[in-house]
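Participant: Chains A and B supply the protein sequences, listed in that same order. Under my numbering, the residues of the first sequence are numbered 581 to 1006, in order. Under my numbering, the residues of the second sequence are numbered 204 to 527, in order.
Mixed in with the good hints there might be a few duds.
[Stated by the list, open to error] Pairwise CB distance ranges, derived in the manner of DEER restraints:
id	chain 1	residue 1	chain 2	residue 2	range
1	A	L847	B	D259	55 to 61 angstroms
2	B	H211	A	L836	47 to 53 angstroms
3	B	G305	A	L847	39 to 45 angstroms
4	A	E821	B	F400	36 to 42 angstroms
5	A	A919	B	Y216	41 to 47 angstroms
6	B	T492	A	F909	51 to 57 angstroms
7	A	E900	B	Y216	37 to 43 angstroms
8	B	K290	A	G694	57 to 63 angstroms
9	B	K290	A	F909	27 to 33 angstroms
10	A	E900	B	L431	52 to 58 angstroms
11	A	V877	B	H211	34 to 40 angstroms
12	B	G305	A	E900	33 to 39 angstroms
13	A	M581	B	T492	47 to 53 angstroms
No wet-lab data here; the hints were simulated from the structure. Values in this document were obtained by computation on a predicted structure and should not be read as measured data. Where is the CB? At the ideal position from N, CA and C, for every residue including glycine.
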Amino acid sequence: MHNVWLIARREYIERICTRGFLITTVMIPLIMGGLIFGSAFINSKSVSTAHIAVVSSDTQLALDLQSELQPRQGTPSSQPTPARRPRLTVDAMDIDPQDGQATRTLLNRQLESGDLDGYLWITPAASPSRRPAFTFIPRSSEQDSLRSTLAAALGTVLMREQLAHRGIVAADADAMLQPVDIRAADLPLRQDHESAVVGVFILFFLMYMVIMLYGMNVARSIIEEKSSRIFEVMLATIRPEEMMAGKILGVGSVGLTQVGIWLSAALLLSAGSGAAHPAGQGIHVALTAAQIVYFFVYFILGYAFYSSIAAGLGAMTNSEQELQQLNLFLFLPLIVCFATLMNVLTYPDSTMARVLALIPPFTPLLMYLRVSLGHPAHWEIFASIALTSASIYAIVWVTSRIYRVGVLMYGKRPNLPELLRWLKYS
Amino acid sequence: MSIVQLHHIRKVYDTKVAVEDLSFTIEPGTMFGLLGPNGSGKTSSIRMMIGITVPDSGSVSLFDRPFTRSVLGRVGYLPEERGLYKKMNVLDQLTFLGQLHGLTASVASRRATLWCDRLDIAEAIPKKTEDLSKGMQQKIQFIAALLHDPDLILMDEPFSGLDPVNAFLLMSTLVDLCSTGKAVIFSTHRMDQVEKFCKSIALIHRGHLILSGSMREVKSGYPRNRILIHFEGDDAFLQHPSIESLSRYNGHAEIRLRPSPTLADDAQSLLTQAIRHARVTRFEVMEPTLEEIFIEKVQQTLPVKNGKLSMAQLEKSDGGELDA
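Next comes chain A alone, as it looks inside the complex:
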């Protein structure tokens, strides 16, 4: 144990004292903060506009649709305006759509030149009981999203027309069509779900990044020591297992230190600014103590899992180039986590999330999300920790054997049968 401690301490001190550590400690929060605030800023400021034309032989329908889509200042539209709905400019065109080849050509030309973002072609119904046919021709797939806006507006317009037909006064019709507004009342337990998601997401991203970064650091430092041939001196006094453990612990503590610095800085900042926090930006990080504790638990599990794989990869290879060919083993599970992130974030208690969170390579990241945002059963939390710990044990068993043989092997990278043979040596 003493040797493990010595090696871990050396590794820790050497890494903490580098300029690289200082730079990443300062830069990563800056970059991440910049990204988050930047994207929020862009979202809030950028309002897209679109210019479309409505072509109909029924002038009234075209005009109604125009006023529905393009509310005049002061008169609130009956349509609830989604935050990101583009501001529309609508031209109503009164042309017989039965025979509008010339119009079509003209409109298409305008689409090409970019004067128009799309046009709605309304073909009148064959019989009055039927609805007319609507065709929307967008300039590009980008404008295709307008279709749902148009459909909603058309629905309202047609509904109002029907109501008018049945002798209902326009004012009454407007009142009937007034959209229902459900206000999101504050939940008693999760006071600020939105900001909880943001906080958890930031921690998730942090965990992902630190595990990847420091896992790679373990592999890289093993390769470095392999090429500097320091191993043989060490192996003459200590066991390869001790070396590997020391290295993983040392590098991992550096990662924990870094995360610790970031978290305490974040806590200090939010405590300092207190209520004066710029909540107007819509970004407010709220984390409970339990979330932070679970973060560290799953961070340590994840780091141990991936860094012991990385240690094995490092022992098998002789150069960083060779390591990059094997990186897939390390990155693939992490990428899967990222791919399912949105789904788990939205439905943290879905069957998929529950199953994935119990599979050891995904547990640290996904179970952490579930614990923070969902309602996993106690046995699930317990099982996830137990399963991951067991697989960490298995991985360490395998990699320490690979390590023992691999660190003294120079030259070509081993193939699978050779690796299996290495497991038999000990």
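We have chain A already, so just place chain B on it with the hints.
Facilitator: Frame of chain A, contents of chain B only:
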């Protein structure tokens, strides 16, 4: 009491036999030379002595007991592949390695300073390892192997890459340690280095032990039939009947005499002849060198194509370095 005892050890890597049926014993206070061309199994043998690798069969005993890792505190090892942490300064590095060998930090750093003084590299102490010359790094590594005052010192090619002055400095350090009762084993493929210093040797080739024993025993098995002569003038005396073979160089010749019970007289008669014809400036009767003995031994055990074998050929025949 023996420090190292190898008993029929054997090690095979995949299909390559690195060491085959190797046995020898090393007593305390012995300077032991492990000799052989590159790839003959020297490094593999040394690694097995300290448990870095485990023999496939046979046994290793250190200090009269079957090998266990607990004795490693009494062993100092300088590997063939040198390696140090590049970014660490010399004192920290030596202290760290000393601590791994069970010293306390203060003892380790005090001894490190003393050793650096002794080996003339005191000015390197505050420097980073990567800023040092290769020779200096090698001395640091040398010190690292000795810091914990081991009873058994294993040095794999300790002098490769050193200039003669430094090689001599390290060699005499080892001789000093040896005289205080420690056992020193070093491997080398430079046989001339060993002749002066080693008390015992083992010659290995392709993993097989060719020859072992004390230097005196080894040499006494061979007659003093080598003659080196420096001369000016007529070389007709080189037709002397007792000469078996000779190599002529500019101003001197190396002669091997025919085996005979009257070898010493043959040499005298040759000298008389030479003086008669030429002006002799140097005449020396010698035992064969270790290198010659080694080549002769290998030739006896191996079929040889061109009759005469050189060290270079021996090395080539093994197909390069065996690292593992």
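Participant: Give a verdict on every hint.
Facilitator: Hint by hint, here is what the structure shows:
For the hinted restraint 55 to 61 angstroms between L847/A and D259/B, the CB-CB distance of approximately 58 angstroms keeps it satisfied. For the pair H211/B and L836/A, the supplied restraint of 47 to 53 angstroms holds, since their beta-carbon distance comes to about 50 angstroms. One distance hint, 39 to 45 angstroms for the beta-carbon pair G305/B and L847/A, holds here, with the actual separation near 43 angstroms. Between E821/A and F400/B the Cβ separation comes to about 38 angstroms, which falls inside the hinted range of 36 to 42 angstroms.
In this structure the supplied range 41 to 47 angstroms holds for A919/A paired with Y216/B, their Cβ-Cβ distance being about 43 angstroms. For T492/B paired with F909/A, a C-beta distance near 55 angstroms keeps the hint of 51 to 57 angstroms intact. Judged by the Cβ atoms, the range 37 to 43 angstroms given for E900/A and Y216/B is violated: they are separated by roughly 26 angstroms. In this structure the hint that K290/B and G694/A lie 57 to 63 angstroms apart at CB holds, the actual value being about 59 angstroms.
K290/B and F909/A have their C-beta atoms about 29 angstroms apart, which keeps the hinted 27 to 33 angstroms range intact. As the Cβ distance of E900/A to L431/B is approximately 55 angstroms, the hint placing it in 52 to 58 angstroms holds. As the Cβ distance of V877/A to H211/B is approximately 53 angstroms, the hint placing it in 34 to 40 angstroms is violated. At roughly 34 angstroms, the beta carbons of G305/B and E900/A sit within the given window of 33 to 39 angstroms.
Range check, M581/A to T492/B: Cβ separation about 51 angstroms, and the 47 to 53 angstroms hint holds.
The structure shown violates the earlier hints numbered 7 and 11.
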